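Peer 1: These protein sequence lines are chains W and B, in that order. Quick note: the first sequence, position 182, residue 182 per my numbering, numbers continuous. Here my numbering runs 1000 ahead of the position in the second sequence, where the first position is 1.
It is worth saying that the hints were derived from the structure and are not from the lab. Computed from a prediction, not measured in an experiment: that's the story for all the values here. Backbone N, C-alpha and C fix where the C-beta goes; we use that ideal spot for every residue, glycine too. Check each hint, because a few of them may be wrong.
[To be verified] The calculated label-pair distances, taken between Cβ atoms and stated as ranges, are: (1) B:GLN1351 x W:ASP127: 47 to 53 angstroms; (2) W:ALA318 x B:ALA1349: 33 to 39 angstroms; (3) B:ASP1032 x W:MET1: 54 to 60 angstroms; (4) B:SER1354 x W:ILE57: 42 to 48 angstroms; (5) B:TYR1003 x W:ARG343: 44 to 50 angstroms; (6) W:PRO161 x B:TYR1003: 46 to 52 angstroms.
[Said to hold, decoys possible] Here are a few chain B residues that sit away from chain W, every Cβ distance over 10 angstroms (derived from the structure): (7) ALA1120; (8) GLY1277; (9) ILE1311; (10) CYS1335; (11) ASN1339.
Number of protein chains: 2
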Amino acid sequence: MPYSLDSVDTPFVAMDLDVVERNLQAMQARIDALGLKLRPHTKTHKQPWLAARQMAIGAHGLTVAKLGEAEVMLEAGFNELLIAYPLVGEAKAVRLAALMARGLKPVVAIDSREALETLARAAAIVDQPIRVLIEVDTGFHRCGLRGPAVIELARAVRQAPRLLFAGLMSYSGHISGQGDPAKIQQIIREEDEILWQHAQDLQACGVPVEIISIGGTVLAHYLASPTHATEVRPGIYVFNDLGIVHSGACRLDDCAARVWSTVVSRPAPDRAILDAGSKMLAFDGPIEGSYGYVVDYPGWHIRRLSEEHAIVEIDAGAPRPDIGQRVAVIPNHICPVINLQDRVVGVRAGQVVSTHAILGRGLTR
Amino acid sequence: MPYSLDSVDTPFVAMDLDVVERNLQAMQARIDALGLKLRPHTKTHKQPWLAARQMAIGAHGLTVAKLGEAEVMLEAGFNELLIAYPLVGEAKAVRLAALMARGLKPVVAIDSREALETLARAAAIVDQPIRVLIEVDTGFHRCGLRGPAVIELARAVRQAPRLLFAGLMSYSGHISGQGDPAKIQQIIREEDEILWQHAQDLQACGVPVEIISIGGTVLAHYLASPTHATEVRPGIYVFNDLGIVHSGACRLDDCAARVWSTVVSRPAPDRAILDAGSKMLAFDGPIEGSYGYVVDYPGWHIRRLSEEHAIVEIDAGAPRPDIGQRVAVIPNHICPVINLQDRVVGVRAGQVVSTHAILGRGLTR
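Please put together the full structure from these sequences, using the hints given.
Peer 2: Okay, structure coming up:
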């Protein structure tokens, strides 16, 4: 029986299930139209039922960062997972092997000999193959190699027992925060050129490249033919957030997840305090001077966050909030917000219809 | 049986129990020497056993922000709690009443008529008194009133059935981030003057002020006689963090909680990637250009954080990390780090001796 959002104590996260479904369908249609495969990153939603929905409408597989996340998805029945994070060390090898013994068929991205050896060890423990991508640095300067180091590592993968070189992966995270479509398109072109150059170099050495995997919701929105990528790993699109709006890749109405909060203090005419602080909204750099967008109140700006307080500055002439009033906030970056929740509520037509455990929360190992 | 830290998979938080005990004793001695009462804020550690230790060595009571935190501490047997956060609305009134029916004897800080009415409602439900502090804005400009509004609200408290006006509370959060002792001492003096002026004004109107409650670990360190405060509510001191070191209030060796992580990638000579990102280290503004202090490696700087990656820049001439190497990081702000953990390990003399559930984690309501 649906019930009113007003009956849920604040602060809490509500996801609009109709908007979620629209977002899922739109991204699948976009990637299908490009002739690519969709391998959604589950770190955004951390919920197996949403992973199931992504698979049901056409996703080719799922992406996780950490083994703990892989375990949650494996337990929910998904055994084709891309682990888009370097695994290093004996403990990780043993844990990966344990998941493979339970049915996991992993593809794992690496950028070092040490990560290669970790995978070789896991593969040896269970005597099963592991498909390997090499992460290429396309300009974000986080993980990833470039040039001869990529070729050398690919050859080492091919020489390692049970490891199967499958291709290249990149994440152009420097696209985040960009609000200029021309710059975004330039980053996408540069990434494609870098990846294609490496793929050609590999093929010239007799190393076939089957997968070229690229990531990100903003990228997926602006991606156009022709591209040399074979698959895309967007995560945020399931909910969207203010960062995606800022990039021009969606509208505010496409943001499915909102933090509901209450005005708990009005200490000054131009200041209000919301009961959702960084423990709810997380702490990703301000967008246009605000740590989130207060729905229906464009003249309210979340200038600062404490752990339990959002400090809102109210423009002259903007509607003045009353203490006790409830407002919805669209977070700047939804992924860390979901990571802070034990559960969220599902909403249709403004009514609560369900609650959902965030089974992937807090899994940093 | 103690075991090696090396056997715990990274990333994880370790707290040195000897340093914790030293920190607890030092703060209690400091506040005792000033002739004040200590009412530690439990939001930092979120662990009833540490609250018990604080009470055992002399704390006068405990502080929490949210009702969920109050419930955890009440369940652990602590019923004298200061709720240092405005409670607003019927849902909060009913929840507070439910805790009072289970034995909670609350002191609650308010800064509005609406919060007063919420407390009056809770008190009426269980027909029990509630002691009330009024929050004064001493310059942080978050919650809190000043001037005649304080007097007016105090009078309203005294007129409300079952509400007992007990005094004033402030939190000079603008002390955080200050590295200059002279400026810190000036903020402390200004806060004391503002609070004392309000207390005198109240007493002139026949409203006695029993409690003057001030907050913060940095403040507690620099606080000197004479002060008009009657009690102090530091939280971070149990662990300390880089922010406290930066203020001059403790040394690196006094930081009891560390995030252990592994170097998982070395994509460039001057760059290393740690497996602890913002899901472990949280995202409080950089201190001296770094999102945390890498213990033993002052030439390493955590320049950026992704959710699962710390991007470390390595000074020319600094030791170069190997992939697989484990390092400890002292977080900039420990409270949100603890809030991200389901459990942490206890360490003595470099060996793991215990694990501790973070029972107060994620309690934003």
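Peer 1: For each hint, tell me whether it holds in the structure or not.
Peer 2: Structure-based check of all given hints:
| no. | hint | result |
| --- | --- | --- |
| 1 | B:GLN1351 x W:ASP127: 47 to 53 angstroms | violated, 36 angstroms |
| 2 | W:ALA318 x B:ALA1349: 33 to 39 angstroms | violated, 58 angstroms |
| 3 | B:ASP1032 x W:MET1: 54 to 60 angstroms | holds, 57 angstroms |
| 4 | B:SER1354 x W:ILE57: 42 to 48 angstroms | holds, 47 angstroms |
| 5 | B:TYR1003 x W:ARG343: 44 to 50 angstroms | violated, 34 angstroms |
| 6 | W:PRO161 x B:TYR1003: 46 to 52 angstroms | violated, 33 angstroms |
| 7 | ALA1120 | holds, 14 angstroms |
| 8 | GLY1277 | violated, 8 angstroms |
| 9 | ILE1311 | violated, 6 angstroms |
| 10 | CYS1335 | violated, 6 angstroms |
| 11 | ASN1339 | violated, 6 angstroms |
In this structure, the earlier hints numbered 1, 2, 5, 6, 8, 9, 10, 11 are contradicted, and the remaining ones agree with it.
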